[in-house]
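Between the sequences and the hints, there should be enough to build the whole structure, so can you do that?
For reference, the chains in residue letters:
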Amino acid sequence: MKRIEYDILFVGGGISSLSAAHRLVDLARQNNLSLRIAILEKGKDFGSHVLSGAVSNPRSIKKLFPNYETTGFPIEGKCTTSYMTILGKKKAWDMPSFLSPPEMNKLGYLILSLSNVVRWMTSNLTEKVKDTPSIVVDLYNGFPANSIIYNGNSVAGVRVDSTGINEGDNCYARVTIFGDKGFISRDIITKFNLAQTSQKWAVGVKEVWETEKDLSGKVWHTIGYPLLEGSFGGGFIYGLKDKKVAIGMIVGLDSENPALHPPQILQAFKKHPWVQEMIKGGKLLKYGASIIPEGGHYSLPKEFAVDGAIIIGDALGVLDLKGFSGVDKAMESGITAGEIIFEALQKKDFSTGTLGQFKQKLMDGWVGKELKSSRYYRYAFHKNKKLFSNYLPNFLKGLDNYSLFIGFINTFLSNPIDTISSVINLKRMMSGKTDIGPVKWQEDRTYSRADYKVEAMAEVKGFSKNTIYSTADLVFYAFTHYHHGNRHIDEFNADVCRQCIQKYHTYHNEVPCVGDCTAEVHEVRLKDNKYFHFMNLENCVQCCTCEIVCPEKNLKVNPAEHGSGPDFFGL
Amino acid sequence: MEGVALLKIIVFIKQVPDTSSKAGVNPDGTINRAQARRMLNPFDRYAIQKAIEIKRSVGAEVTCVTMGPPPAVEVLIETFEHGADYGILLTDKRLAASDTLATAYALHKVVHYLGDSDIILTGLQTTDGDTAQVGPQIAERLGLPQITYCEQLSITGRTLRARRVVEGGHQEVEVNLPVLITVANSATPLDYKRFADVAAVKEFMRHPEERDKRIKNVSLDTIGADPSRTGLVGSPTVVGKTWKLGEIGGSCVIFKGESIEREVEELIERLHTNGKGIEEFINA
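Protein chains in written order, with this note's numbering: chain A, 1 to 571; chain B, 1 to 284.
Possibly wrong hints are sitting among the right ones.
Unchecked claim - Using 27 Å as the maximum straight-line C-alpha spacing, the simulated DSSO-like pairs for lysine-lysine come out as follows:
1) K2/A / K216/B
2) K202/B / K2/A
3) K556/A / K193/B
4) K2/A / K55/B
5) K130/A / K44/A
6) K361/A / K372/A
7) K130/A / K213/B
8) K93/B / K44/A
9) K130/A / K55/B
10) K191/A / K530/A
11) K243/A / K283/A
Stated by the list, open to error - Distance windows between CB atoms, simulated:
12) D197/B / T70/A: 51 to 61 Å
13) D349/A / T127/B: 49 to 59 Å
14) E140/B / F532/A: 56 to 66 Å
15) D116/B / E523/A: 52 to 62 Å
16) L285/A / E265/B: 22 to 32 Å
17) E210/A / D197/B: 40 to 50 Å
18) D214/A / T242/B: 36 to 46 Å
19) K453/A / E81/B: 49 to 59 Å
If you're looking for bench data, these hints aren't it; they were derived computationally from the structure. C-beta: ideal position from N, C-alpha, C; glycine also.
This is the structure we're talking about:
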């Protein structure tokens, strides 16, 4: 059988891969270079597994598509008002601009539905090469990469599909680019020992609503209610065109709470009178969840390339928590990778000699600079856990019951010296001006505590029942579809699960995979008087949260096959 | 397989309006095929599956044949991705509005045109016409034995053993090749496209000579069919009247209540307020 071989192989058809492909095709066209590209995407269509907020600085889009405003680039709106809002149980306080971090000001930025952007970029790419026979772009939607093929210490390509047994199921390339959010590329990080400190993950859950009110162009980022138990996170509300609104919640997975129930945190968020006002009379259109790499600078791998391969986007972890911007940086990482690969093609050198320059180029550019300046941002909150567990709730109590001023006083009086030193400390770390050297933290999974006392989530009253959904009902709106016999999550050892269940049940807590699942996949069932771990795989939205939080490293989420999984279009 | 002639398999397939797309009813009630999204008739997937299974087990050359307007070539490409070898697109303006009699006439002429074949496979029926007549009619015209509603089959030499679905059970039959088989949709689970097959199709679609070797466009003249026996003139079937019954869709409502009683009350309330009373709803 003929070897299936390309010059360039992309694993994952997300925003970073497509940016790289666009840049590469542009350069090849300008220089009359013939080029064969393949893009593997596990989703049924390009974009169907893509989910993001998303409000983005248009700088990378402008770079790739200078005429994006007139060429049909899908935009949900331009941000006209941007607020950082603090939520109590009853009140909402829009922070004045001098208090809120300047990076959170999104005025003039683009509000996007990333799944639609990816779909557009895909068709635009096909269109671009239609009349250039020397450039081949083959799109393989519905085909995930299952494992990496090495040739000694260099990456030769990937094995497509877990059922693949023949040579014909392998795809080889001179350079393989991993824009796969770590699904497969984590293998490279382990094999070549590239990890600095482990990635800090958060999970984002998002709903899109059709509303009576037109909120287009309005952007809110919130902290406070309903996350009042110390978990790091916040909410967002973006007004889209056509009277739609995106409502989401992001929670750090390094929480001590083993049962975050992210979709239910989002429901609690929606119960707030301030959110209720926006969505009343509306209709839920879609639901989805996705993980977010929040670690930043120190969670980046030591090298961004190995012989024959480059890692980009979320697989690398270029998201900047300061300002919560990932889309522009993921795109820029793709654009930069595209340029380096073009150089490699011209030099015919696909070793780290050329590909290794990708790190330098990216880190010398604005992506690296911004990541560097916010290198302690996540660490600041990691070190000052009291911010989210004590000070913020104290402040909100004052805000809810009396006034803003009382809120401040309340927080200060609770522990004057600590509060002041914390605030100064936080400011210093967030700005990144003082250097304290590389930081370390443990894997997210190590923070959950079996003996954690779960407090009942802060409840508010007066919400409309029709706007609130159980997680089981929400999954219906993720439109997941799997084929008969699908087994995409590996559970390595059932005994390990049983012991874990016993450990957490001793303290009447849920095990993390059940407690943190965004789609009711994991479940503990009782059979013959014994508890065991059970999975409703047909619900899975492919977010990978369970794998990250499993205390025993006993779960592995594999990419969906045969075009199965959720349908995130519109999210 | 050296020295042994490969089995020749013909699979008849059809492109139908996508059942999940909303567009597609003309004001006069006929289906607007140009506007509707298109797909491969789902029943035909089982016929293709059987052909590929035979190809993979005993070796065969699989030719898929479809009759329709030029865009129908899409379904041929899809069959290549599943592993078929050749495709024939019978396209001719004079075929428009053919009923099952005229269609079967034209398709049997394609079989003659292709020369000897060992197995002809068809789906059970289509999702647009739903007649299940064309397969058996082709067999009659060709004077071939036919096995309808076939679930399973095995081939030993020139003998084919098949399991048919019949009411309340199944029936085992044995037949000598050549034969026409309509494949039931209770047949084995469908395989997924293989990466190698999809990659090969992308490759040959880029090379015009290769592509022309794999896909052949034929007209009534090529296959030597009599135009007066096809199309509207060759179709005795008269469509009396078509009318629109309504539209599928609307929104889904999930009832959430404190108790099941309350949920049921809500459901009854909703059925009443939506114009149709419960009695009418049940009697309808």
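Hints and how they fare:
At roughly 25 Å between alpha-carbon atoms, K2/A and K216/B fall within 27 Å of each other, so this suggested pair holds. For the hint linking K202/B to K2/A, the alpha-carbon distance of about 14 Å falls within 27 Å, and the restraint holds. Between K556/A and K193/B the CA atoms are separated by roughly 25 Å; this keeps the pair inside 27 Å, and the hint holds. For the proposed pair K2/A and K55/B, the alpha carbon gap of about 19 Å is at most 27 Å, so the pair holds.
For a cut-off of 27 Å, the pair hint linking K130/A to K44/A stands: about 22 Å separates their Cα positions. With a CA separation close to 14 Å, the supplied pair K361/A and K372/A stays within the 27 Å bound. For the given pair, K130/A sits about 22 Å from K213/B by alpha-carbon distance, which is consistent with the 27 Å threshold. For a cut-off of 27 Å, the pair hint linking K93/B to K44/A is broken: about 35 Å separates their Cα positions.
Between the alpha carbons of K130/A and K55/B the distance comes to roughly 34 Å, so the proposed pair goes past 27 Å and is violated. Taking the CA atoms of K191/A and K530/A, the gap is about 38 Å. The hint is violated against a cut of 27 Å. As the CA atoms of K243/A and K283/A are separated by approximately 11 Å, the hinted pair is consistent with the 27 Å bound. Checked against the given bound of 51 to 61 Å, the beta carbons of D197/B and T70/A, roughly 40 Å apart, lie outside it.
Judged by the Cβ atoms, the range 49 to 59 Å given for D349/A and T127/B holds: they are separated by roughly 54 Å. Taken as a hint, the range 56 to 66 Å holds for the pair E140/B and F532/A, whose Cβ atoms sit roughly 58 Å apart. For D116/B paired with E523/A, a C-beta distance near 58 Å keeps the hint of 52 to 62 Å intact. A hinted range of 22 to 32 Å for the beta carbons of L285/A and E265/B is consistent with their spacing of about 27 Å.
Here the CB-CB span from E210/A to D197/B is close to 41 Å, well matched to the stated 40 to 50 Å. The given range of 36 to 46 Å is respected by D214/A and T242/B, whose C-beta atoms sit roughly 41 Å from each other. Checked against the hint of 49 to 59 Å, the pair K453/A and E81/B passes, with Cβ atoms roughly 56 Å apart.
Against the hints set out earlier in the document, violations occur for numbers 8, 9, 10, 12.
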